[in-house]
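Could you put together the complete structure from these sequences and hints?
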Amino acid sequence: MTTTQAPPATDRVTSYSRAINEALAEEMRRDERVFMMGQDIGTLGGVFGLTRGLQEEFGPVRVRDTAINETFIVGGAAGAALGGTIPVVELQFADFLFTAADEVFHKLAKWRYMHGGQFTMPVVVRLPSGVVGGAGAEHSQSLETIAMHVPGLKVAVPATPADAKGLLKSAIRDPNPVLFFEHKGLYRIKGPVPESSDVLVPFGSARVARSGTNLTVVATGLMLGRALEAAEQLAPRGIDMEVIDPRTLVPLDIDTIVASVEKTHRLMVVHEASRTAGFGAEIATQVQERAFFSLDAPVWRVCGTDTPLPQDPDLEQACIPSTDDIVTAALALAAV
Amino acid sequence: MTSTHVPDQRTRHEHLIEIYRKVVTVRFAELRIRGHVEAEGFGGFWHPGIGQEGLQVGAIAAMQPADYLYYAHRGLGYAYAKGMDLTALFGDLLGRAVGSTGGKGGGTVHFASAEHGVLGQGGTLGSNFVLGAGTALASQLLGDGRVTVVFFGDGAAARGTWHEAAIQASVWKLPVVWVCENNGWALSARFEDQSPTPNVADRAPAYGMPGVIVDGQDAMAVMDVTAQAIDRARRGEGPTLIEAKTLRIRGHYEGDRQPYRQDQVQGDEIPNDPVHRLGEHIAVEERRAIDAEARRTVEEAFDAALAAPRPDRSVIFEDVWA
Ligand SMILES: Cc1ncc(C[n+]2csc(CCOP(=O)(O)OP(=O)(O)O)c2C)c(N)n1
Ligand SMILES: [Mg+2]
Chain A
1 MTTTQAPPAT
11 DRVTSYSRAI
21 NEALAEEMRR
31 DERVFMMGQD
41 IGTLGGVFGL
51 TRGLQEEFGP
61 VRVRDTAINE
71 TFIVGGAAGA
81 ALGGTIPVVE
91 LQFADFLFTA
101 ADEVFHKLAK
111 WRYMHGGQFT
121 MPVVVRLPSG
131 VVGGAGAEHS
141 QSLETIAMHV
151 PGLKVAVPAT
161 PADAKGLLKS
171 AIRDPNPVLF
181 FEHKGLYRIK
191 GPVPESSDVL
201 VPFGSARVAR
211 SGTNLTVVAT
221 GLMLGRALEA
231 AEQLAPRGID
241 MEVIDPRTLV
251 PLDIDTIVAS
261 VEKTHRLMVV
271 HEASRTAGFG
281 AEIATQVQER
291 AFFSLDAPVW
301 RVCGTDTPLP
311 QDPDLEQACI
321 PSTDDIVTAA
331 LALAAV
Chain B
1 MTSTHVPDQR
11 TRHEHLIEIY
21 RKVVTVRFAE
31 LRIRGHVEAE
41 GFGGFWHPGI
51 GQEGLQVGAI
61 AAMQPADYLY
71 YAHRGLGYAY
81 AKGMDLTALF
91 GDLLGRAVGS
101 TGGKGGGTVH
111 FASAEHGVLG
121 QGGTLGSNFV
131 LGAGTALASQ
141 LLGDGRVTVV
151 FFGDGAAARG
161 TWHEAAIQAS
171 VWKLPVVWVC
181 ENNGWALSAR
191 FEDQSPTPNV
201 ADRAPAYGMP
211 GVIVDGQDAM
221 AVMDVTAQAI
231 DRARRGEGPT
241 LIEAKTLRIR
251 GHYEGDRQPY
261 RQDQVQGDEI
271 PNDPVHRLGE
281 HIAVEERRAI
291 DAEARRTVEE
301 AFDAALAAPR
311 PDRSVIFEDV
321 WA
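Chains as they are written, first to last, in the working numbering: chain A, 1 to 336; chain B, 1 to 322.
Hint data in this document are derived by calculation from the structure and do not stem from the laboratory.
Every residue, glycine too, gets a C-beta built ideally from N, C-alpha and C.
Honestly, I wouldn't trust all of these hints.
Stated by the list, open to error - Simulated DEER-style distance windows between Cβ atoms:
{"#": "1", "chain 1": "A", "residue 1": "P298", "chain 2": "B", "residue 2": "P259", "range": "50 to 58 Å"}
{"#": "2", "chain 1": "A", "residue 1": "S322", "chain 2": "B", "residue 2": "S314", "range": "47 to 55 Å"}
{"#": "3", "chain 1": "B", "residue 1": "E18", "chain 2": "A", "residue 2": "P175", "range": "35 to 43 Å"}
{"#": "4", "chain 1": "A", "residue 1": "P298", "chain 2": "B", "residue 2": "L187", "range": "34 to 42 Å"}
{"#": "5", "chain 1": "B", "residue 1": "P196", "chain 2": "A", "residue 2": "S322", "range": "49 to 57 Å"}
{"#": "6", "chain 1": "A", "residue 1": "G84", "chain 2": "B", "residue 2": "G184", "range": "35 to 43 Å"}
{"#": "7", "chain 1": "A", "residue 1": "P175", "chain 2": "B", "residue 2": "Y260", "range": "43 to 51 Å"}
Claimed, not checked - Some residues of chain B that are not near chain A, with every Cβ distance over 10 Å (derived):
{"#": "8", "residue": "T11"}
{"#": "9", "residue": "R21"}
{"#": "10", "residue": "S127"}
{"#": "11", "residue": "E164"}
{"#": "12", "residue": "S188"}
{"#": "13", "residue": "L247"}
{"#": "14", "residue": "G251"}
{"#": "15", "residue": "P259"}
{"#": "16", "residue": "I270"}
{"#": "17", "residue": "D273"}
{"#": "18", "residue": "H281"}
{"#": "19", "residue": "A322"}
Pasting the structure below:
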């Protein structure tokens, strides 16, 4: 399933963080069982300001500041879901998935399965993710592939304000646990967002962000914008790139990617996360399984380096794909 | 301790009879499972709870049917005491489709019953602390009046999740009661060797909650302290840490030869046996009748589970997603 890029007439322009804030407020208004907890999300409104104003509207009972206890934030959310509520919790940085790993990868992902399907686990874990400029090796990672590897977790990676809002609303209404990777570097970007509170973006539906004919590029999060910029630079040079944003990695809309490859015959996956065993490897594999004879060239990956991220902002940028990197790789791949 | 804390209008003696009936049923279940493991085994480990049944049943006797339970891995006394069907529990152990997990079990497994508020257990020790606090948070948010009871061992008490859950539960005065079964051992590790305090309950004041020590072989005493803690939790005064002193009678799992242990309990003698302590208060005739009934219940349930089919392999793919 694919949606088009053109925004409906009722859209207005707002920021990615505002879109997330709106989704939270709308879903809390819609369903009293929805509540939030996390560090500094209440009185402060979140270290990135995402939850600003929500404690004022919903009170400190439904927008709760916790102690510094990630295992409780996630494990407590799991328990609260079993008790009949819908927790939407925030880890201050996506990297703290490792701090609460048992709770994320065992409790959220497997509780329903282990206990014979008697329970549902409607939990959303909001995860400020990716490089943001000098946050360092433990506050900057892109861990979505790790989440993708453990069955039982849905994984969202919104790249636009509209998708951030629509996917978060879907996530809150989903009976399954969702890891919601918000890119910190996108919080301030603006884009059209539907005015209506009823617009949801379904999981498992990729978006063709730019249609093209010569080369398919799959990109998520911060990389989507860079891939689109690269496409504009390449267009006058005769390379018409199709850019696809999967929007969710679990479930993954591989059909849209395969259909694109059948049209363009070339595929490149761009991601910020380290190259080895990233989601690019998975997409490359699935595409060659399904569309080997449509490919005119090997599938390439343009990815983050296989290193920790240095604290220095310049060095950090050198570790993740730039627009130039994407342009260079696309030119080379088109020539193969 | 008076009977004012017992959760309903039955007399104390009626409670004792009911607790005895459950304890002795769990005892026969323990012996039946041991017999099966010794004769043919099954795919998985059985962590016997024999000798600890009194405290498990006693604590759960203080709960209301709607209250929530997270149990530990030491036997099936908890789940049975909370009202689950024995055939379903045996079915889980034996990997039968009649198990509460639909046949994904084998050994000490994840019994669950939404209907009975049996919410399960985490296979990683200490997961129940944070989940239990979270479920209590849900009750506080929904105002449903339920209390969550969380069981754990003296070994699990060392997990960091205890610290994180206890702090939050205490700060928010969550309706949760923690019941530590201190049986002196965490696999091969002696409690004395791994604890900085003589008792687990000694740590409670650091979290701003009461710590209560009780003789875990005295089921009625465990019921009483648990009832008090549950009342307190339901009144909105927050969590309590109960430490029931008990003894691990068998190996960590059935078949563990315990080379690390000098104080092995020999034969079938259970020091300070909770069955006997309760039984002393019941007339001989009545007790014999309860025993016979319990034995029959266990035999029938075990046979029914044994005779039930194994699950189809398709269960592998069930319940990954809602
Ligand atoms: C996090 C974690 N660490 C280790 C284990 C392995 N393990 C299972 S039971 C056990 C001993 C537990 O001791 P205790 O909590 O005192 O309970 P008991 O077995 O004595 O009832 C160990 C080490 C585990 N399941 N989870
Ligand atoms: Mg122990």
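**Message:** The output says H281 of chain B does not contact chain A. Does that hold with a beta carbon cutoff of 10 Å?
**Reply:** 37 Å, holds
**Prompt:** Per the hint of 34 to 42 Å, is the separation of the Cβ atoms of P298 of chain A and L187 of chain B within bounds?
**Reply:** 51 Å, violated
**Message:** Please check whether the beta-carbon of T11 of chain B is more than 10 Å away from every beta-carbon in chain A.
**Reply:** 33 Å, holds
**Prompt:** Has the hinted range 35 to 43 Å been met by the Cβ atoms of G84 of chain A and G184 of chain B?
**Reply:** 38 Å, holds
**Message:** Just want to verify: P259 of chain B was marked as not at the interface with chain A; is every Cβ pair farther apart than 10 Å?
**Reply:** Given a closest Cβ separation of 30 Å, the condition holds.
**Prompt:** Is the Cβ of S127 of chain B farther than 10 Å from every Cβ of chain A?
**Reply:** Given a closest Cβ separation of 6 Å, the condition is violated.
**Asked** Hey, does I270 of chain B actually stay past 10 Å from chain A on C-beta?
**Response** 31 Å, holds
**Non-interface claim for S188 of chain B, where every Cβ of chain A lies beyond 10 Å** = 23 Å, holds
**Message:** Just to be sure I understand the hint, the distance between the Cβ atoms of P175 of chain A and Y260 of chain B should be within 43 to 51 Å; is that true here?
**Reply:** Because 45 Å falls inside the window, the suggested range holds.
**Message:** Verify the CB-CB distance for P196 of chain B and S322 of chain A against the hinted window 49 to 57 Å.
**Reply:** 53 Å, holds
**Request:** Given the hint of 50 to 58 Å, check if P298 of chain A and P259 of chain B actually sit that far apart at their C-beta atoms.
**Result:** 57 Å, holds
**Whether the CB-CB distance between E18 of chain B and P175 of chain A falls inside 35 to 43 Å** = 37 Å, holds
Checked against the numbered hints listed earlier, the structure breaks hints 4, 10, 11 and 19; every other hint is satisfied.
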